[in-house]
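2 protein chains.
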Amino acid sequence: MGKDFLYNQIAGTIAINIKSGVLKTGERLPSVRNLSKEYGVSINTSKRVYFELEAQSLVQSKPQSGYFVSPMEYLKLPLPEASQPLAVANSVDPDQLINGVYSAMGRTDLTFFSLGVPSGDLLPLTKLKKEIVLATRSLKEGGTEYEPLQGNVKLRRMVAARSRGWGGSLKESDLVTTSGCMNALVLCLMALAKRGDTIALESPCYPGILHLAASLGLKVMEIATHPVSGIDVKALKNLLPKIDVCLLVPNFNTPLGYCTPDDNKKEIVSLLAEYDIPLIEDDTYGDIYFGNERPKCCKSFDTHGNVLWCGSVSKTLAPGYRVGWVAPGKYKEQLLKLKYIHSIASTSIIHEAVGNFLLTGRYDNYLRNLRRTLHDNYQQYATTIGEFFPEGTKISRPQGGLALWIEFPKGIDSGELYNLALKSKISISAGRMFTLQDQFHNCMRLSFGLPWTNELKLKLQQLGNLAKTML
Amino acid sequence: MGKDFLYNQIAGTIAINIKSGVLKTGERLPSVRNLSKEYGVSINTSKRVYFELEAQSLVQSKPQSGYFVSPMEYLKLPLPEASQPLAVANSVDPDQLINGVYSAMGRTDLTFFSLGVPSGDLLPLTKLKKEIVLATRSLKEGGTEYEPLQGNVKLRRMVAARSRGWGGSLKESDLVTTSGCMNALVLCLMALAKRGDTIALESPCYPGILHLAASLGLKVMEIATHPVSGIDVKALKNLLPKIDVCLLVPNFNTPLGYCTPDDNKKEIVSLLAEYDIPLIEDDTYGDIYFGNERPKCCKSFDTHGNVLWCGSVSKTLAPGYRVGWVAPGKYKEQLLKLKYIHSIASTSIIHEAVGNFLLTGRYDNYLRNLRRTLHDNYQQYATTIGEFFPEGTKISRPQGGLALWIEFPKGIDSGELYNLALKSKISISAGRMFTLQDQFHNCMRLSFGLPWTNELKLKLQQLGNLAKTML
Chain Y
1 MGKDFLYNQI AGTIAINIKS GVLKTGERLP SVRNLSKEYG VSINTSKRVY FELEAQSLVQ
61 SKPQSGYFVS PMEYLKLPLP EASQPLAVAN SVDPDQLING VYSAMGRTDL TFFSLGVPSG
121 DLLPLTKLKK EIVLATRSLK EGGTEYEPLQ GNVKLRRMVA ARSRGWGGSL KESDLVTTSG
181 CMNALVLCLM ALAKRGDTIA LESPCYPGIL HLAASLGLKV MEIATHPVSG IDVKALKNLL
241 PKIDVCLLVP NFNTPLGYCT PDDNKKEIVS LLAEYDIPLI EDDTYGDIYF GNERPKCCKS
301 FDTHGNVLWC GSVSKTLAPG YRVGWVAPGK YKEQLLKLKY IHSIASTSII HEAVGNFLLT
361 GRYDNYLRNL RRTLHDNYQQ YATTIGEFFP EGTKISRPQG GLALWIEFPK GIDSGELYNL
421 ALKSKISISA GRMFTLQDQF HNCMRLSFGL PWTNELKLKL QQLGNLAKTM L
Chain L
472 MGKDFLYNQI AGTIAINIKS GVLKTGERLP SVRNLSKEYG VSINTSKRVY FELEAQSLVQ
532 SKPQSGYFVS PMEYLKLPLP EASQPLAVAN SVDPDQLING VYSAMGRTDL TFFSLGVPSG
592 DLLPLTKLKK EIVLATRSLK EGGTEYEPLQ GNVKLRRMVA ARSRGWGGSL KESDLVTTSG
652 CMNALVLCLM ALAKRGDTIA LESPCYPGIL HLAASLGLKV MEIATHPVSG IDVKALKNLL
712 PKIDVCLLVP NFNTPLGYCT PDDNKKEIVS LLAEYDIPLI EDDTYGDIYF GNERPKCCKS
772 FDTHGNVLWC GSVSKTLAPG YRVGWVAPGK YKEQLLKLKY IHSIASTSII HEAVGNFLLT
832 GRYDNYLRNL RRTLHDNYQQ YATTIGEFFP EGTKISRPQG GLALWIEFPK GIDSGELYNL
892 ALKSKISISA GRMFTLQDQF HNCMRLSFGL PWTNELKLKL QQLGNLAKTM L
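Protein chains in written order, with this note's numbering: chain Y, 1 to 471; chain L, 472 to 942.
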């Protein structure tokens, strides 16, 4: 307690100096050794001070040169507007929505600011490969056999164990594995909603979920959100009498990257239980938090088995592995049946390999680095956007995840910018894709999952210049 | 030509002697060397004679002991009745159908005569493991990356090349890969049919397809079939005005194992094109033929792009790999969109590994052995059934695939037998699962994908005895 107090106090003092501008962006800070001398504390305490300041994004370490004040100009950029979708149920022909979305997939000549997954350069490839080889050797029939219906036991055990980290108390028997999170969402929606039903989604919303709703013939009501505090609980409450199912991404929802406060999550869970509306919770970004703590989930507050909590390793470890899961609460039997009918099983070897990878404890080490890298990337992106994007550009303040939301001054149509950018071999996600309503024309999503390089900075600068030509 | 004539003539002579009973079941035939002396032909010609006779199932080779006349008593058992479903559209709550189907999954204490896939003992595990390791090493980002949307290029190229073997002319661009054949069927049905539509299926039909139709809210019309000649084209024709989509398994349909003659396939394709009804063709058993030639597919006769031809390696190579494909004809765009929306991608590593395995040419060698083993198994099963099952039992004459259809004398309810057998740790598939109508109560499906052993023979004998107690 004494020591905790000490390092917190020192970190607090330095934080104030940074935030007030006494310490300037890019300025070098004392070495760990010098800090320990200056404050008369141990080396370990001194290290914890910098760890704490890094976690708050106030300080950056550079290999072989020490600690520096993080660039924070971008914090002066205004926030995007809170979304204000109309309280109407929209349905749409999926064909209209999706045409052209995947035409760029597989092109190697593009800079994919539109990519929603971390680049392979950030992933622990060597360790994963080793796990695949081991799984192939250790499975009784080399993985040619079907898994148990509920899915790989090790994977379920580890996902259950990790639920303690977000205030959950899952057991392995509570979980059903799936082929990625998207597959989990498909199964949940098919189990709970039928053609013509109405589903509530955040606005803006990940286009994949809008496509899915459209392809299942579901009507969509969009929920107002705030770029920092996330889901507008009052707005959701107003929609409740009209909806059948709710699908939310409370933690680091793409594109905005907000984290809905725990109290609001709790309120949402209790409201939905009251109305007997099932909540599908997509927590696939939950492990990519930039703060000090893994945020809780709606599932943490679920006492009725009414929350179907979905996750995957597609945003953190290996998109191409197709490994996901769902804790379906009281809907477990329905989920199991649908899984059996629609896919029989997932890929045995790969799920075994990921289960083993989680068992080794390497995942947490790796995640720590991934989070730091992505947070650094975000700061670099935001700084560059502040420098080179049109005057009046607003940006979100992601508290985790992989993406930034940009709001251009009115008049810049991101659909047109998409076409312009593509000619310069840059792929972006236009704002219009994130809604079924008439909004977000001047918005776009940028993924910061690509490694930050000078080349990438130039591309981002180029994108800003293209936007300026449209004013 | 001269040589062909020679070996065919000798084989024909021996065949007549076997069929007429001059040569008896189990009798030893001359060695290759002695046969060559006896007829004054080369050793190679002599070998071809036995190969031909084996292909006709008249002769069996036993390692280190030579060639013997195959047991064929079972050919005297009567055929099951041709199915005569009512021409009504049925729909059903999937829950009613599926309860208990998967409760036995994963149990290791049961003898799974109900298993619809070949046992791991029959699979080329070592070679497959090697391919997985190689794929993990050779893929640019170790397989963590998403595949191209249409799927692994090597896999598509090889499936296209193999289509020459069944009179197809597919190009790699005609194919879309899927996570197993079931996933292909799901995507096809979702693309082509909407809730309330009517689909035509063979009667009896693989339960997984009935479950799928039910879970998508489709009504089902069952098509009459004959245990040897398969789909009753006239019966299908009568249903056409009432159906929206047709899903057929013309080659070695489980449970009956028939092969619909090529002329009938051609007629079916032309009829459906005339009525503009899409045909989903499940050809997942097509490579497991017991005769001399890979049968053609409906797709072989498709000039309108109206046939969606689906396949997988789940019945031949590795059920747990989840590797399948579809050549969707003119519905390719719809299929691609649905694949993108519902699963994004398949598992990169595994699809690459199977693509490479097919490239090496090992698949054909391996399939040759697999077919021989399964055909031998079938004969052993059938012989044992003839010996130990109740008087009046009828059995199908599978021309390929993995399963036999048994018709017990009226009065033996296979649902009751299922319960009895489970107590003796034997799992069977009751006939009632293969229809939505009131039929097949006295029928069951037996898989012969388990390796034939004395132990297995005793289990089958035990099953026969249990059935006898029910008369």
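If you're looking for bench data, these hints aren't it; they were derived computationally from the structure. Just so it is clear, the structure is predicted and the values come from calculations on it, not from any experiment. Just so you know, even glycine gets a beta-carbon here, dropped at the ideal spot from N, CA and C. A hint or two may mislead.
To be verified - Selected chain L positions facing chain Y (in silico; Cβ < 10 Å):
id	residue
1	Asp580
2	Val588
3	Ser590
4	Thr854
To be verified - Quick list of simulated restraints, FRET-style, between CB atoms:
id	chain 1	residue 1	chain 2	residue 2	range
5	Y	Leu359	L	Arg578	22 to 28 Å
6	L	Ala558	Y	Ala161	41 to 47 Å
7	L	Arg839	Y	Leu420	44 to 50 Å
8	Y	Leu240	L	Gln555	32 to 38 Å
Hint numbers not upheld by this structure, sorted from lowest to highest: Numbers 1, 4, 6, 7, 8, in rising order.
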